[in-house]
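> One letter stands for each residue in the lines below.
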Amino acid sequence: TQLLEQSPQFLSIQEGENLTVYCNSSSVFSSLQWYRQEPGEGPVLLVTVVTGGEVKKLKRLTFQFGDARKDSSLHITAAQPGDTGLYLCAGDSGYALNFGKGTSLLVTP
Amino acid sequence: DAGVIQSPRHEVTEMGQEVTLRCKPISGHDYLFWYRQTMMRGLELLIYFNNNVPIDDSGMPEDRFSAKMPNASFSTLKIQPSEPRDSAVYFCASSRGGSSSYEQYFGPGTRLTVT
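Heads up: the sequence lines are chains G and Z, in that order.
According to the numbering used here, the first sequence is numbered sequentially starting from 1.
According to the numbering used here, the second sequence is numbered sequentially starting from 1001.
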C-alpha cells in the first residue's frame, strides 16, 4: 500500500484567511485526486491532477501536483465558512485509490 | 439520478450479531467499491467489483466480512459476527471505470456502532 501523508491534520481559521494543505508520499502516482467530505456525507471529487507540475484552479481553490508526482498541495484563497470540511487526497494505484487520512478544516465567520 | 444509495444510514447492534449493509450503485456504473472510514485509519478500501465480479478483496479485514453483488444494481456487505472494533462509517462508491480517469461517486455512508 502506498501511503499518503496529509498535513496539517486539523486547521481552524477565520473567514477571509488563506491556507495551504499538503499531501505527501514517497511513491510516484500516475494521478492524484482531491476530495471534500462534509459531515454525514460521502467524499465528493474536486479535481484530478495527472501531469507533474500541473496546476488546476477551481474558483478560490488551487491544486498543484509536484514535479515528481509524489506530492500535491491545495491552496484556498479567502476561505469561507462553506469551505469547512474534510479534505482528502487519493493516489491512483491501478484500479484502486489509496486515501490519506485528510485535513479537517474549520472556517469560522 | 439519485446517486449511490446506501441503507441503513445508521445501525446499532450488539457484539456477535450479524450486520448487513446495502448499496445501490448509479445505473450504468461498472465498478462498485466498499470503503470503511475511521478516525484512526482514515478511508480504507475493503473490496471492489467489476461487472458484479469481485476483483480485489485484499482489504477485507478478516473472514467475518463478506461482500456480494448479485446483480448490477445491488451489493451487500455482511459482518458476522460483529465486534466493537468494526464500528465505523462504511461507504459504497461506484464509477464508470476503475482508474482515476473516472470519478468515484460515494454514497452517504452507513454509520455502524457495535456495542
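Bear in mind the hints are in silico, worked out from the structure with no lab data behind them.
Mixed in with the good hints, there may be bad ones.
Said to hold, decoys possible - Simulated restraints on C-beta separations: (1) G:G52 / Z:R1096: 34 to 40 Å; (2) Z:P1061 / G:L19: 32 to 38 Å; (3) G:N24 / Z:R1041: 17 to 23 Å.
Claimed, not checked - One-sided and incomplete, this derived list gives chain Z residues near chain G with beta-carbon spacing under 10 Å: (4) R1009; (5) V1012; (6) M1015; (7) F1033; (8) E1044; (9) S1073; (10) F1074; (11) R1085; (12) G1098; (13) G1109.
Remember, predicted model here, so these are calculated numbers, not experimental data.
We put the beta carbon where it would ideally sit given N, CA and C, even for glycine.
> Output the numbers, in ascending order, of every earlier hint that fails for this structure.
Hints 1, 5, 6, 9, 10, 11 not satisfied by this model.
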